[in-house]
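Throw the hints in and build the complete structure from the sequences for me.
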Amino acid sequence: MEQIKITINGKECLCTENDYILKVAKDNGIEIPNLCDHESVAAFGACGVCAVEIIDDGNGKAIPKLMRACATKARNGYVVSIDSQRVLRSRKVALELLMSDHEGDCLGPCKLNCPAGTDVQKYLKQISNADYKGAVETIKQVIPIPASIGRICPHPCEQNCRRRFVDEPLSIAFLKSYAADKDLNGDTYIPQVKPDTGKNIAVIGGGPAGLTSAYYLRLMGHSVTVYDSMKKMGGMLRYGIPAYRLPKSILDKEISLIESLGVKLVNDVSVGKDITLEQLKADNDAVIVAVGAWKSMQMRVEGEGLEGVIGGIDFLRDISSGEAETPNLKGKKVAVCGGGNTAMDACRTAIRCGADEVYVIYRRTRSEMPAEDIEIEEAIEEGVDFKFLTNPSEIIGENGKVTQIKLQIMELGEPDASGRRSPVPVEGKFEYLPVDMVIMAIGQTINASGLDIIEKTKKGTISADLSTFRTSDEKIFAVGDATNKGASIAIEAIGEARKCADVVDSFLNGNIVGYRKPFVSRRKDEDVDFTSYEKKQRIAMPSRPADERKQDFNEVNLGFGDENKVISEAKRCLECGCHDYGDCKLIKYADGVGIENIRFTGKKNVAPVERKLVAIERNPSKCILCGLCVRICDDVAGKGILGFVGRGFSTVIKPEFDNPDTVSGCAGCRKCLDACPTGALKLIEY
Amino acid sequence: MKIIVGQGSCGIAAGAGKIKAVLEQSVEGKYPIGITGCIGMCWLEPIVDVYDDNNNLHRYVKVSEDIAKAIAEAVLSSDFAKACEYEISDEDKLFLEKQTRIALRNCGIINPENIDEYVSVGGYSALKKVLSSMTQDDVINEIKASGLAGRGGAGFPTWFKWNAAKQSKGEEKYLICNADEGDPGAFMDRAVIESDPHSLIEGMLIGAYAIGAKEAVVYVRAEYPLAIIRLQNAIEQARNAGFVGENILGSGFTCDFRIKAGAGAFVCGEETALIESLEGSRGMPRLKPPFPAQEGYWHKPSNINNVETFANVAWIISNGGEAFSDMGTEDSKGTKVFALTGKVKRGGLVEIPMGKTLREVIFDIGGGIKEDKQFKAVQMGGPSGGCIPESLLDTVIDYKKLSATGAIMGSGGMVVMDESTCMVGMAKFFLDFTAKESCGKCVHCRIGTKRMQEILTRIVNGEGKDGDIELLEELCEAIKDGALCGLGQTAPNPVLTTIKYFRNEYEAHINNKKCPAKECTQLLTYEIDKDKCIGCTMCAKKCPVSAISGELKSAHSIDTAVCIKCGQCIANCKFGAISKN
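Chains as they are written, first to last, in our numbering: chain W, -8 to 677; chain A, 50 to 630.
No wet-lab data here; the hints were simulated from the structure.
Note that the structure is predicted; figures quoted are calculated from it, not measured.
Even for Gly, the Cβ is constructed at its ideal location relative to N, Cα and C.
A couple of the hints might just be wrong.
Derived DEER-like restraints, expressed as beta-carbon distance ranges [said to hold, decoys possible]: (1) A:D515 / W:G583: 27 to 35 Å; (2) A:R307 / W:N19: 46 to 54 Å; (3) A:S598 / W:R602: 56 to 64 Å.
One-sided and incomplete, this derived list gives chain W residues near chain A with beta-carbon spacing under 7 Å [unchecked claim]: (4) G36; (5) A37; (6) G39; (7) L57; (8) S81; (9) V84; (10) A85; (11) L89; (12) F591; (13) G593; (14) F635; (15) F640; (16) T642.
Below, the structure is given as structure tokens:
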């Protein structure tokens, strides 16, 4: 047949009059999004996603209607636009409409709620197959220090784990450290470092954020140097978190793995004193500031200057790292002010230093405490006395030394912006507590000295773009506790640093691309049916008895030990995320056209998962009615056992006769499965 | 003396069967009681026509059994003065007098069950003319000269389709009649088949001859049982008379007929979905091209026209294409049949030459609005069409001029609305219909119309949100652009035109939570005027939810929290004391 020429998005393509535009584009390396087209069956034209505009029909005239590329044959001289404004608008509406009737979870709530986006479902699966190295490889796509993080993370993944509606959430964090420990002690996963790019990056701060950005930028082939003002790397993980929660030997091993990849670690260097930010900027292609938040916040009460009043971080710093001798607090009474994890670390550390009496002063009640419940529980076991509904109003001393603390008695009032009931002082009611030491653990802020050349927020933190992490200086990026809203949990800093590494890499390649949260389909918890799951108890983490553990700084938790229990714990995973997320064309295009929220919400066509085909499970709630399974079963497999049923919005695809058993005609050829553009069809795993 | 009872579905529904029986009994077998099809004056059914010995027509309307007996008496005594009070009024006569009937030329006049009556009014003479003296091209040229365009709604030139099918290569070709009349409120095609089936058969035979088809199929919806029976009967009679079958009238032209009853999917009125359905598949539109003229029924060249289109053909052949094209406008030739319904005084079948104004149809023929209320709008073309407001009532009936308003000519549905019709509710009504009838194939149509329906539902329920109108407009444009077939592409029209002409009503629902037409129950509150209420307690007794309280002989009041806005109180208050706002 005679060759003709058409132009698709500026590219001249040779073809014949028998070729459809979609195929011509594909043959020429141009992807026109489409959902209902498949090479093995005739064009159907249902999804409308492949609509294109023919701006010249070869005779200088535009075709007024949008045309389906899958079903429009090429004609000589056609000039086709696959991404004109009109095309994009139509495609976006089509995808928004499809998404509005697509009931499914692309990703599990664990991954969605992990600030680093760890692929929890995947590594749990790997753990359940005893593939610990694989699990660590999965985790290390986003977290370079899993053995450490698994021990100390407050695990938003577990808080959101859907298994909690069946019985209890999975023990995700400890499964992570279990796999990571196995990996550290055995056949260690060593990632591939890309060839050197010749680009130099300075990272200021060797905490979780700094180490994370250094690790990933190094893997991308860049030369990375981490500068830290402390004696050793690790930041708050080393100097803030007590060794009984995170043994420093674990941290050391993970840091040395990072170092072994070629990341240069330089300690005892303070920016502003030993080296300037300007100099680092001049010497490097990019600078990442990850200095953390190391300054304890003041309580603004009288007596804060007295001897014996100390910030939580300042108290913990030397003891946690083990770099100085543990102070002896025997015979002392210690008050720790605050209700967060730092307060718990401080009070439990004070116990371990031998203090006679340790109080936690907290202005609300236990249920409002931001600290993890297990930390509170263990602190109580270790003998900490919690003074709820009290607030320091004055620190009283003699001869410049603390002798007592005056506490305002509080009560709970109306809920505040955070939803917690806010504490209100009970007028005129006070209590005096004799103490020798007051530890202020009410929050931390940034020490910005040496960082003058970059802009700060009103709070004094570094102002960094939420998508590019760029500061006011285009070569300087900033992540972690030192930025924007201030101090948070380690995994949050790691998540930012991981994304920042990609951004900096793109910046170094000359075209900066900011991070954009991908659009995903998600179900509401209340729409999920949990009735079919059998209850299985969550694995318990064995720990040392309180009397023993409070004597030393050795790790409280003993580890899971029994591998069979670990594997069966990992198998408790409900696998909420879609098996097809990586290959799903629907979500790829929906995200690709920039859908952020679905504007056309409404009723969804939802029906239970059904197993009537051989080896294939059908999820009608995810079906987008592209009809590929129907057509392939009919035209390619020659079976015709699937068909459209009903009309309008309630149209569904169903096997013949609605038979409750496996359809007799199905030969299990799985051709429908291969063609399904979404996760509506799934291979049954036996 | 000839007595005829109108026996279209509408007449039968009004009791014409019983009337016929009463007449037969009352005239004591002295005169046969004949039947005819639909006369087109729905509001006057049952109708009895009596031709006296001088062949003067006495037309009796709204005939009850007593009136039927009176008519019988008049007939038996030949004293028609006796029953003159039951004859049609001069005013009502205007309804027919102002029409020009071509497609409906025999409707309500001949007996549809008797081929001889059709032949006696010149039936099958056009077929004879074609077979004896015209080539295929002659026929196509005559149709071309007439300017006849597809009456199903699209208005595509008939000759062009016939010519394309004729020129398509292939021995096997099919001629198909689309009688899947699905628009709510439309009954033109049913009336033609029930009242004059031979005119359809003759038109189809001529079409089949022109394109070279040996088989003709009528796809008629199963909800038209009487039409199917009469058509089946007519085909048999035509076959026996030699008009259908092999070697018709010795000309060598062969054409057989078949009826296919459709299962009631609106989308099967779309020609490619109709073909899928004919082939036994699910009625889902095919991609075009290829067009049916190239690859249609069983992938053979096929031509599909609507009933009304075919009903014009014999007349055009007999009278010449020019006689047809003399009527109408520059753009639109001949006549058009409308099913005039809604809040109009005289509703029924109206056939008028193109070029008349909407005002002439609604006010001169239809007699204006019932109860002399205010005209608000007319919906043209059913769920695929749009509404036209009072300011555009002088728009002439013409494909282009009607399209310019945002409405369409359509297949002939003409629903008149008065001040008490909520335009948002009206748009929702039609969208409910199309959303339900979408075949489910195209994303834009299947989900888009559903989302539109949901938005409209919340608007009429007083839950509309700022931005809903814009969201509707965006969906409308996207659906028009994204749907494959006419159903989807036109589904947004009722919404688009009501937003265009009655945006203020949408805004009142959304912003003020008020329905200006006082039709959306969720937005109404019922109130008793204390000065008018005499405390008769009737409303309280009738209220199904006991929302009304009050002592006997003292003013009552309605608990709006309990009231379900059913309207029973207003309907039962004799003192006009209750109002809704």
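Outcome of the hint check:
1. A:D515 / W:G583: 27 to 35 Å: 30 Å, holds
2. A:R307 / W:N19: 46 to 54 Å: 48 Å Cβ-Cβ, so the 46 to 54 Å window holds.
3. A:S598 / W:R602: 56 to 64 Å: For R602 (chain W) against S598 (chain A), whose Cβ atoms are near 59 Å apart, the range 56 to 64 Å holds.
4. G36: Holds, about 5 Å.
5. A37: At about 5 Å, which falls below the 7 Å cut-off, the nearest Cβ of chain A leaves the hint on A37 (chain W) intact, so it holds.
6. G39: Holds: closest Cβ of chain A sits about 4 Å from G39 (chain W), inside 7 Å.
7. L57: 5 Å, holds
8. S81: Holds. Min distance 5 Å.
9. V84: Holds, about 4 Å.
10. A85: 5 Å, holds
11. L89: Hint on L89 (chain W): holds, closest Cβ of chain A at ~6 Å, below 7 Å.
12. F591: 4 Å, holds
13. G593: Since chain A brings a Cβ to about 4 Å from G593 (chain W), closer than 7 Å, the hint holds.
14. F635: 6 Å, holds
15. F640: 4 Å, holds
16. T642: 3 Å, holds
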